[in-house]
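**Student:** Residue numbers (the working numbering), protein chains in the order written: chain C, 4 to 300; chain S, 4 to 300.
Incorrect hints may appear among the rest.
Any copy, or any two copies together, can satisfy a pair, since identical chains are not distinguished.
Keeping only pairs whose Cα atoms sit at most 20 angstroms apart, straight-line, the calculated SDA-like set for lysine to any residue is [what the hints assert, rightly or not]:
hint, residue 1, residue 2
1, LYS88, TYR262
2, LYS14, LEU84
3, LYS14, GLY138
4, LYS88, PRO264
5, LYS88, GLY261
6, LYS88, GLY260
7, LYS166, THR36
8, LYS14, ASP29
9, LYS14, TYR57
10, LYS166, LEU43
11, LYS88, ARG52
12, LYS166, ALA45
13, LYS88, THR75
14, LYS166, GLY182
15, LYS14, LEU248
16, LYS166, SER256
17, LYS166, PHE180
18, LYS166, GLY271
19, LYS88, GLY24
20, LYS14, SER59
21, LYS14, ASP25
22, LYS166, ARG82
Keep in mind that the hints were calculated from the coordinates and are not lab data.
Okay, here's what each chain looks like letter by letter:
There are 2 protein chains.
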Amino acid sequence: MYGAIEAGGTKFVCAAGYGPGDIPEDCRAVIPTTSPAATLAAVVGFFERITRRYGSLAGIGLAAFGPVDLDTRSPTWGRMLPTPKPGWSDVSLVAPLERFACPITIDTDVSAAALAEARMGAGAGLGSLAYVTVGTGIGGGVFVADRTLKGLLHPEMGHIRVKRDPRDADFAGVCPFHGDCLEGLASGPAVLARWNMRADCLPETHPAREVIGDYLGQLAATVALVVSCERIVFGGGVVSGGRLLPYIRQAASRWLGGYLPIEARAGGFERYITAPGLGDSAGTVGAMLLAMQPALS
Amino acid sequence: MYGAIEAGGTKFVCAAGYGPGDIPEDCRAVIPTTSPAATLAAVVGFFERITRRYGSLAGIGLAAFGPVDLDTRSPTWGRMLPTPKPGWSDVSLVAPLERFACPITIDTDVSAAALAEARMGAGAGLGSLAYVTVGTGIGGGVFVADRTLKGLLHPEMGHIRVKRDPRDADFAGVCPFHGDCLEGLASGPAVLARWNMRADCLPETHPAREVIGDYLGQLAATVALVVSCERIVFGGGVVSGGRLLPYIRQAASRWLGGYLPIEARAGGFERYITAPGLGDSAGTVGAMLLAMQPALS
């Protein structure tokens, strides 16, 4: 049996099973993210209960919010890097799991979601895919050549700069690092600060849809130009179950100006920029795939 | 013996040897890029001379200007895609080479250069590296996980959008597709059109250095955020043997705003953003590495 953990900023979703589609009913838990000690103790408690009932784990996959050290050669592998989330900087996510004496594979939540969407979701059968989530923050991961992109760290594409919409020129942005980077302009807190409304509540004709869609479309165009992936999946609360997708596609198409063979090779922007195929479970599915095939990370 | 071809917009550099550091004196040729028929006939003539003298080739590596179809499953593999270069659209670069009855491996010139720099140049020993050249156009390639990035096509990062410098606000840009994308603002022809001077002739104190460095620094920051590579190499005539590098580093640092662990993990911007270690030969070295290890592309 494999263990899967989607470690998020608000909750840790834990599961155990024989595969992403074979998780017994009593093998799921949702643990609120509070202090590291309390949260990680609850995670350990869950897997102790599992192993008492089902026997030892063959592997654990961890899909974590970032930034996190993913370099297996590093002495701080599996530790959170400095993060604005109180108490979590420098915390090791893997140390408490070592008692289960099985391989532990860690990646970012968005890279795990990219892996899951490429294998079993919106990009099944494709060789490359980018996954972007737009919520409290904006994060993205890339699956290509049978693994997820990493190197210096892991992708942090939410912090790229974008060209400002004239209708939005006076808003300073909310990113504590950059002000008006993409996350500072188009994340959930940014939308609330700028438009005084939650993104999923914006009426159909509200200009914010075009403005936010434009910024996210610039990200899509940039990702297509820089990594040349075969599909880009947008999830997260701000995308509101796909209601922003038409705006994102339109903007990406406008910014690319016909330069990439999106029509000829990806079947057009409707297929190139899509909603997740796995819904909210991409992170957990990805974590289980990591547990099953450690080489994927 | 292996064959290497760096197929550029102005010249085709051909070489044959037992490795990148073992090329006999009579095994090099530089062929001007004219019509496809004349150019490719001269390339074939060169390798026919080589095989008469040295015997058959074990493999040919081709580092080509783009856009080119790199998908080995595609019926148009090895063909140029629509390109502004007169006569070259839809031309197959590999068909004339099939007479040599050896494996042919093709990649973009910049991806081959990224491979060469990662293996034997400025990034030797690193697991990931991006190579950017700034000349007639702006192109880039990424080496990661023992191969070069490709998918929908190959990276076309020269066409990302950048935030405009106020000193440069009135210049429309020269990119026929996008106007003021990066290539439209910071390529050789763009610098000439905007500042009425060749990039390598700009005096030390000319404001254009800051403006161009700023745009290229935005590319560096974007690439670092999107692909998380461990080093970025800038080559090409506009970078002028490194004279623009300090401006590029300064701008990248400013745009990143301390967000990535460049100091802690890459030894600072001086090391993170560097000149090529292989000078102008990165493309040819990369082509030979492709010939020797086809799986790299």
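**Student:** The structure should be examined with respect to each hint, and the outcome stated for every one.
**Tutor:** Hint-by-hint comparison with the structure:
1. For the identical chains of this complex, LYS88 and TYR262 are inter-copy neighbours only, at 15 angstroms across copies versus 40 angstroms inside a copy, given an alpha-carbon limit of 20 angstroms.
2. Proximity of LYS14 and LEU84 under a CA criterion of 20 angstroms is satisfied intra-copy only: 19 angstroms inside one chain copy versus 47 angstroms between copies.
3. For the identical chains of this complex, LYS14 and GLY138 are intra-copy neighbours only, at 14 angstroms inside a copy versus 49 angstroms across copies, given an alpha-carbon limit of 20 angstroms.
4. When the C-alpha separation of LYS88 and PRO264 is checked against a cutoff of 20 angstroms, the pair qualifies only between copies, where the shortest distance is 17 angstroms, while the shortest distance within a copy is 41 angstroms.
5. In the homo-oligomer, the alpha carbons of LYS88 and GLY261 lie at most 20 angstroms apart only across protomers (17 angstroms), although the nearest pairing inside one protomer, at 41 angstroms, exceeds that limit.
6. In this homomeric assembly, LYS88 and GLY260 come within 20 angstroms of each other (Cα to Cα) only across copies, at 19 angstroms, whereas the closest approach inside a single copy is 39 angstroms.
7. Taking CA atoms no more than 20 angstroms apart as the test, LYS166 paired with THR36 passes in neither setting, with 35 angstroms inside one copy and 37 angstroms between copies.
8. Proximity of LYS14 and ASP29 under a CA criterion of 20 angstroms is satisfied intra-copy only: 18 angstroms inside one chain copy versus 66 angstroms between copies.
9. With identical chains, the CA atoms of LYS14 and TYR57 are never at most 20 angstroms apart, being 24 angstroms at best within one copy and 66 angstroms at best between copies.
10. In this homomeric assembly, LYS166 and LEU43 never come within 20 angstroms of each other (Cα to Cα): the closest approach is 41 angstroms inside a single copy and 42 angstroms across copies.
11. In this assembly of identical chains, LYS88 and ARG52 lie within 20 angstroms of each other by CA distance neither inside one copy nor across copies; the values are 29 angstroms within and 66 angstroms between.
12. Taking the shortest alpha-carbon separations for LYS166 and ALA45, neither the intra-copy value of 44 angstroms nor the inter-copy value of 46 angstroms comes in at or below 20 angstroms.
13. When the C-alpha separation of LYS88 and THR75 is checked against a cutoff of 20 angstroms, the pair qualifies neither within a copy, at 24 angstroms, nor between copies, at 46 angstroms.
14. Taking the shortest alpha-carbon separations for LYS166 and GLY182, both the intra-copy value of 13 angstroms and the inter-copy value of 14 angstroms come in at or below 20 angstroms.
15. Proximity of LYS14 and LEU248 under a CA criterion of 20 angstroms is satisfied in neither setting, with 26 angstroms inside one chain copy and 44 angstroms between copies.
16. For the identical chains of this complex, LYS166 and SER256 are neighbours both inside a copy (15 angstroms) and across copies (19 angstroms), given an alpha-carbon limit of 20 angstroms.
17. In this assembly of identical chains, LYS166 and PHE180 lie within 20 angstroms of each other by CA distance both inside one copy and across copies; the values are 18 angstroms within and 17 angstroms between.
18. Taking the shortest alpha-carbon separations for LYS166 and GLY271, neither the intra-copy value of 24 angstroms nor the inter-copy value of 27 angstroms comes in at or below 20 angstroms.
19. Taking CA atoms no more than 20 angstroms apart as the test, LYS88 paired with GLY24 passes in neither setting, with 32 angstroms inside one copy and 51 angstroms between copies.
20. Taking the closest pair of Cα atoms, LYS14 and SER59 never come within 20 angstroms of each other, the shortest separation being 25 angstroms inside a single copy and 62 angstroms across copies.
21. Proximity of LYS14 and ASP25 under a CA criterion of 20 angstroms is satisfied in neither setting, with 22 angstroms inside one chain copy and 58 angstroms between copies.
22. In this assembly of identical chains, the alpha carbons of LYS166 and ARG82 never lie at most 20 angstroms apart, being 34 angstroms within a copy and 35 angstroms across copies at closest.
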